[in-house]
Structures are given as structure tokens and as C-alpha cells.
Amino acid sequence: AQSVTQPDIHITVSEGASLELRCNYSYGATPYLFWYVQSPGQGLQLLLKYFSGDTLVQGIKGFEAEFKRSQSSFNLRKPSVHWSDAAEYFCAVGAQNSGYALNFGKGTSLLVTP
Amino acid sequence: EPEVTQTPSHQVTQMGQEVILRCVPISNHLYFYWYRQILGQKVEFLVSFYNNEISEKSEIFDDQFSVERPDGSNFTLKIRSTKLEDSAMYFCASSTYYEQYFGPGTRLTVT
Chain A
1 AQSVTQPDIH ITVSEGASLE LRCNYSYGAT PYLFWYVQSP GQGLQLLLKY
51 FSGDTLVQGI KGFEAEFKRS QSSFNLRKPS VHWSDAAEYF CAVGAQNSGY
101 ALNFGKGTSL LVTP
Chain B
1001 EPEVTQTPSH QVTQMGQEVI LRCVPISNHL YFYWYRQILG QKVEFLVSFY
1051 NNEISEKSEI FDDQFSVERP DGSNFTLKIR STKLEDSAMY FCASSTYYEQ
1101 YFGPGTRLTV T
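Here the protein sequences line up with chains A and B, keeping their order. Using this note's numbering, you'd call the opening residue of the first sequence number 1 and step up by one each time. Using this note's numbering, you'd call the opening residue of the second sequence number 1001 and step up by one each time.
Be careful, since some hints might not be right.
When the alpha-carbon atoms are kept at most 30 Å apart in a straight line, the in silico DSS-like pairs for lysine-lysine are as follows [stated by the list, open to error]:
1) A:49 / A:68
2) A:106 / A:61
3) B:1057 / B:1042
4) A:61 / B:1083
5) A:68 / B:1083
6) B:1042 / A:68
7) B:1078 / A:68
8) B:1083 / B:1042
9) A:49 / A:61
10) B:1042 / A:61
11) A:49 / A:106
12) B:1083 / A:49
13) B:1078 / B:1042
14) B:1083 / B:1057
15) B:1083 / A:106
16) A:106 / A:68
17) B:1078 / A:106
18) B:1078 / B:1057
Honestly, the hints are just simulated from the structure, not real lab data. Model, not experiment: these values are computed from the prediction.
Okay, chain B solo, but in the shape it has when bound (with noise of 0.2 Å):
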């Protein structure tokens, strides 16, 4: 059964740092998402993609963040410089439609 993968699994990085973490959709999908889940809350979404650009994103989801599909295949979220409050897991999703599929996600611990 196709599933979202994405890498790398745990990332440690520091203050200030700039990280990418990337995201294979499943392979027929047109939508892609990006959403966290801080450590005991909920699931919050960030942003969603269609057709090479945004198409709808958060108010957390400001000028640190930013998202790219660089080839057919990857999905990717990169924060230019991290803060302690992005320590979250995050997670993928891709949909062809309204029902969306979720990878294990990547969990960012920032020190």
C-alpha cells in the first residue's frame, strides 16, 4: 500500500540553525500539507500546496518557514533559523481530494 515517508526521523539542531526536512507524498497525490504537533498538544496545521505553490497556510506559518517541491517527487519544509519553540514533531500529508494520509513524521528537537 503507497505511503507518505518522510526523513529524516529525529533531528537535533541548535538555536538559530536552519534545517529542511523533506517529505516523499504518495505518488499520485496532487495535495500536499505540512502540519505540527507540539509535544502534548494538538495537531495544527501550517500550510498546503497545489500546483507549485501555496494554497493556503497558518498564521504559524510565517516568513521562517517556507515549502518546496524541487523535483516530482519531494515535499519540503525548511525553517531558515529555528527557535526553541519549533521543537515539534511534524508531520506530512498528501490527498488527492479532501482525505488526507499522514506520514510517521519528524520529530525537531531545537537546543
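Next up, chain A with everything else stripped away, as it sits in the complex (with noise of 0.2 Å):
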């Protein structure tokens, strides 16, 4: 069964430091990948995606990801967060015989503290 992982719910960082979100997904045909954020009382933002090639992707607000095929993993990463990151993180998977449905983890919360 097709499935995303996010194995932390919630994450607490101090501004400044580096942040790693955990991502892990089992799918039976090749996937492409998504983070997305959503702040409070907001929608979904697509920070960045992975479809085929290099398998490090920049995203927005100095967000990367690094695809692992062998790890079955896209964790999502920041070398310096700020406090305006707190927010709730979604990976997000499909697969092209799937339709283009998404499938998306539970989410991990990310608090930011001074």
C-alpha cells in the first residue's frame, strides 16, 4: 500500500540553527515529491518539488531537499532557521499510475525559539 511517512510530529529548533524534516514514503511505481508549508489559519504553500535529475532541490524561503531512491526519502532541510518558519510542514507524494492525486504525511509542527 502506497504510504507517506513523517515520523515527527512535533520538532522545536532555536532561531539560527539547522533544521532537518524527516520524510519517508513506500510507493510501487516511481514518485514525485512535494513539501508544502501551511501557517496558521492559512493554505498549503508548495515550498518545492522533486520529479526526475538532480536529487538535491532548492525550494523557497532557502528551503532544499535531497532525494534518497535507496532510503525511499525526501527530507526537507534549512541551514538557518528563522522564527517566521514555525509552521506546519507536509510532505506530500504521488506517483504517475496513481493519477495525480497526492498523498500527504500527517504533518510535523516546527516551533521556533528565541
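Two chains, each in its own frame: build the complex with the hints.
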């Protein structure tokens, strides 16, 4: 069965510290992968995407993610977190043989402390 | 920058009533979607729509749900007889291909 796992429900980091949010997937077909961010009361904003090619992808707001096929992972990273990065982060996966429907992880809530 | 818009932002309805949630997708996009997020849970796919017909739907999207593109700009989700468990945030999304852009959502509260 297709699944997307975000192992960390909550993460707290200090402002200026580095960040890594984990995402693992289980898909039968070649996946395409996304990270979305949701601020309180807001919609889902696309941070970055991976379809093919270079496995390290750059996104908006200084975020990057690395696709590791051998580990079935697509972890999101940022070298230095800002207080405005506090939000809910969702990993989403789709596959060519499942139409365009996205399967979302349960999300990771990021808290940034001073 | 073009964006997906949704109205209303919040809808309160009584159980058994019909509701219509409205979305205006990005103008050059061809694929349209509805997702929902029950409070505290993950975002779930409901339905995708292309070329004026449903292209894919989840098991959540049962006979009480329907979608329509009544004109060249709007995309609607109708829930015929709302239940308490339909209370959720409903997101519309649109895409040209795989990359989906989401609207701000409509919070539906069924009492």
C-alpha cells in the first residue's frame, strides 16, 4: 500500500539553528515528491518539488530537500531557521500510475524558540 | 502572482443541509482538485477533475459529494446532506500537470 510517513509530529529548534524534517514514502511506482508549508489559518504553500534529475532540489524561503531512492526518503532542510518558519510542514507524494492525487503525510509542527 | 481563491472562508451549516463550496482555480490550469483536512489530521484527497469530468476519486468521495465546473472560471464542491463528520477544512487545488497549487481553504462546520 502507498504511504507517506513523517516520523516527527513536533520539532522545536532555536532560531538560527539548522533544521531537518524527515519524510519517508512507500510507493510502487516512481514517485514525485513535494513539501508544503501551512501557517496557522492559511492554505498550503508549495516549498519545493522533485520529479526527476538532480536529487538535491532548492525551494523557496531557503529550503532544500534531498531525494534518496535507496532510503525512500525526501528530507527537508534549512541551514538557519528564522522565527517566521514556525508552521506545519507536510510531505506529499504522487505517482504516475495513480493519476495526480497527492498522498500527504500527517505533518510536522515546527516551533522556533528565541 | 496568480493564486487559487476559495469562498466562503468559513461556512456553518446544520446537519442534513446542502452546502456548495466554491473555488476559482488559476486561469491557465487544466486539472482541479478537492482535498479535505479534518482538524488534527492529515490532508486527504477527495477528487480530481479534468476536461469536464471526474478523473479520479477517493473512497471518501461518495454519492453525497459532487463537483462541477459551471463556467469557465469556477469549480465547485457540493455536499448534498451534510453530516457532523463532514466538518473539516476543504482545500481546492489546481495544476497544469503534477505541481498543485492550493487555495486558502474553506472551513466547514456542521452543527
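Hint numbers not upheld by this structure, sorted from lowest to highest: Hint check: 4, 5, 7, 12 fail, others pass.
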